[in-house]
Amino acid sequence: MSLPSQTWPWFRRGLMQLFTVPSLILIFAFTGYAGLCRDSGFTLAETVFMAGTIWALPANVVLIGAVLSKASILTAALSVGLSSIRLLPMTVAIMPEMRMDKTSKVLLYVTSHFVAVTAWIMALERFRNVPKESRAVFFAGLGTGFLVANLSAVALAYELADDLPPLLSAALIFITPLYFLFSLWGSARERESHLAMGLGLALTPVFHALSPKTDILLTGVTGGILAWAAGWLARRRRA
Amino acid sequence: MMMTFDSLDAWWWPFLFILIAGWLPTDGWRLLGVYLAGHIREDSELLVLSRTLATALVAAVIAKLVLYPEGALAGSPLWLRLSAMVLGFAVYMTTGRKVYRGVIAGEALLVGGLWWMGG
Chain A
1 MSLPSQTWPW
11 FRRGLMQLFT
21 VPSLILIFAF
31 TGYAGLCRDS
41 GFTLAETVFM
51 AGTIWALPAN
61 VVLIGAVLSK
71 ASILTAALSV
81 GLSSIRLLPM
91 TVAIMPEMRM
101 DKTSKVLLYV
111 TSHFVAVTAW
121 IMALERFRNV
131 PKESRAVFFA
141 GLGTGFLVAN
151 LSAVALAYEL
161 ADDLPPLLSA
171 ALIFITPLYF
181 LFSLWGSARE
191 RESHLAMGLG
201 LALTPVFHAL
211 SPKTDILLTG
221 VTGGILAWAA
231 GWLARRRRA
Chain B
1 MMMTFDSLDA
11 WWWPFLFILI
21 AGWLPTDGWR
31 LLGVYLAGHI
41 REDSELLVLS
51 RTLATALVAA
61 VIAKLVLYPE
71 GALAGSPLWL
81 RLSAMVLGFA
91 VYMTTGRKVY
101 RGVIAGEALL
111 VGGLWWMGG
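Quick mapping for you: the protein sequence lines, in order, are chains A and B.
In terms of my numbering, the first sequence is residues 1 to 239.
In terms of my numbering, the second sequence is residues 1 to 119.
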């Protein structure tokens, strides 16, 4: 495969996304995961392997829960799969933004591993400043940087005890929903997405009361379909 | 398939378990997503639906972090967390849509509130 001359500069620019506030928040979240794994009896190698292969924190937490409850491998795989369905529409949504006719298919399949909430939100937000033919490479750089830095942080945090003051821990944890909320709003491509966001927020307590174990899935599917249907009706009326 | 994480004593078993129960059901969705995206037209309704589904699912993750937190945030009052999110969003929307400004405003209210209550 011959690489165009613009490849490495954009890969490097993707890597540099490591030095941003959301990236630091993600690293903090992964150090929390390392502590959870150590307290749950996983070895260092298992902890790092699990983080790197799954690469989605909620799914990691679900798998830890399944292992601790002595679930069979099939039950564990089903729980992880159900809790990770969002990765499918997230991947479908981001691919057209970085795919051109000449973009390598292998590159797209490999970089899809980096699709996870923080990288996805960040990439959609930054893509407007990246030429379309360089976005896949930019995203590969961003994902590689995130993966290497967070796996190192996980290994380091596993070895060190975490005893932050509670007020500081609370403040650090709270950055995640604040940051996700604003950048999700900013990354929206159309009004339907803003509506989907509002519905997702508003329906969560409803579905949590009905079914606490599948609340995210039920909320997301209901909110997503309602928002799309509302947009479809509005577009038809205009046409 | 009643095999559990501790079923086998072999060194490789936990890693195989993680691959089957963790890697397969996450990267499976991602790889399927790349395949489907390659077969959907860019102006397709399915693509709009993918975006609304993905957005609503991420919004539900956010709502759960705020409404049902774990760890250090679990002891904080719900009204304080909600007020901090609303204030942060208002600041984000009204001061040029800069994410860091919203984060600082929301954090200031949360930390101030916890500190005032003796947290």
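Rather than coming from a laboratory, the hints here were simulated on the basis of the structure.
Even glycine gets a Cβ: it sits at the ideal position worked out from N, Cα and C.
Watch out, some of these pointers could steer you wrong.
[Said to hold, decoys possible] Derived contacts from chain A toward chain B, CB cut-off under 7 Å, selection only:
#1 Thr20
#2 Leu24
#3 Phe28
#4 Thr31
#5 Val115
#6 Pro177
#7 Ile216
Evaluation of the provided hints:
1. Thr20: violated, 10 Å
2. Leu24: violated, 12 Å
3. Phe28: violated, 12 Å
4. Thr31: violated, 12 Å
5. Val115: holds, 5 Å
6. Pro177: Cβ of A:Pro177 sits 4 Å from chain B, so the hint holds.
7. Ile216: holds, 4 Å
Hint compliance for this structure: hints 1, 2, 3 and 4 are not met, and every other hint is.
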